[in-house]
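Please model the complete structure; the sequences and the hints are all you need to start from.
In the order they appear, the protein sequences are chains L and C. Take 42 as the starting number for the first sequence in our numbering and just add one per residue. Take 179 as the starting number for the second sequence in our numbering and just add one per residue.
Treat the hints with care, since some could be wrong.
As the list claims (entries may be wrong) - Straight line, CA to CA, 20 Å or less: simulated SDA-like cross-link-like pairs of lysine to any residue: (1) C:260 - C:250; (2) C:197 - L:70; (3) L:103 - C:260; (4) L:102 - C:281; (5) L:102 - C:202; (6) C:265 - L:167; (7) C:207 - L:167; (8) C:260 - L:70; (9) L:102 - C:206; (10) C:281 - L:201; (11) C:198 - L:104; (12) C:198 - L:167; (13) L:103 - C:250; (14) L:50 - L:120; (15) C:265 - C:193; (16) L:167 - L:228; (17) L:103 - C:273; (18) C:265 - L:66.
Bear in mind the hints are in silico, worked out from the structure with no lab data behind them.
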Amino acid sequence: MEFIDLIRKPWPWYVAGPLIGLTVPTLLLIGNKSFGISSSLRHLCAACLPANIPFFQYNWKKEIWNLFFVAGTVLGGFLATHFLENPDAFQLSAATVTELKALGIRDFSGLMPADLFDTANLFTLKGLVFFVFGGFLVGFGTRWAGGCTSGHAIMGLSNLQWPSLVATCCFMVGGFTMTHLILPHLMKLF
Amino acid sequence: MQNTVSPDALVCDAPNDMKKAESGLANLKYLVVGVLFGIVFVKAEIISWFRIQEMFRLQSFHMYGVIGSAVVVGMVSVWLIKRFDIKTLSGERVEFHPKTFNKGQIYGGLLFGLGWAITGACPGPLFAQIGSGYVVVIATLLSAVAGTWVYGYLREKLPH
Chain L
42 MEFIDLIRKP WPWYVAGPLI GLTVPTLLLI GNKSFGISSS LRHLCAACLP
92 ANIPFFQYNW KKEIWNLFFV AGTVLGGFLA THFLENPDAF QLSAATVTEL
142 KALGIRDFSG LMPADLFDTA NLFTLKGLVF FVFGGFLVGF GTRWAGGCTS
192 GHAIMGLSNL QWPSLVATCC FMVGGFTMTH LILPHLMKLF
Chain C
179 MQNTVSPDAL VCDAPNDMKK AESGLANLKY LVVGVLFGIV FVKAEIISWF
229 RIQEMFRLQS FHMYGVIGSA VVVGMVSVWL IKRFDIKTLS GERVEFHPKT
279 FNKGQIYGGL LFGLGWAITG ACPGPLFAQI GSGYVVVIAT LLSAVAGTWV
329 YGYLREKLPH
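Below, the structure written as structure tokens:
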């Protein structure tokens, strides 16, 4: 099999995980930067609307590397989707398909459910829940926690920081709670 | 509750510790690392809302394998850097930041977890989803920026 065909297929966890882990030493060694993505959201606030809030009064220009990094992530998403497209159908565990069907999800063809992540839903109740409310929780929660999956779960745990373990466990508890206890009720709204 | 600005308010969680100033062009190397990172996110389907649902339903090992192996590789790398005092490309000593515990890691962590299962994305995948053509996620990202701003606004009134 040609190499290009191989990398077009979905990458297994044992390839993707170590590559993501290598981001930590790469950033440290090329520029003494600690890995963390949610900080980019804070820099955007500091750059665009600091509004005299002490939390946004810092030299965000010194941290501009973080904005370059996330701009790269957008570009990487574009390149992978357009030039390394998976030739096969998206595979999801049968149990997940069954459970999500019961919740009202019908389209399992893409990486994201078209039933939810459609621009037509933007100004509907669905959009309010999945984009506005969900996004708000991500931004508010990560900053209150002082980091997200990258800053705490990967960078923090790599540096053996127990507060990052507490944060990571809380991320998981929140996710399980939403998936099993809240999402079934939210899906009934539509 | 705290009513004064704590000193850590002015410290970034993912700081730049490079002493030497970098030109705008030098920042392109972080863009390149970001590109590779975005490609991994798409190709390993980490940006997928479905994969996150599978993870929280314990119906696939994939995401646990990704995060677990990333942490192991990160830990070994950090250990090696400390053990052999490996310097950065510009010859500086690598800076590490101990995280101090505060209640925000619990409250904020729980809230972020709730949002993670709704949006199917933590902040990194949000950017990669947009690049992949899910334009509606721009709304999620803007809302996440708004959430960050509201946190900054309320910070002194929130328990830490």
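Find the hints from earlier in the document that the structure breaks and name them by number, from lowest to highest.
3, 4, 6, 7, 12 and 13
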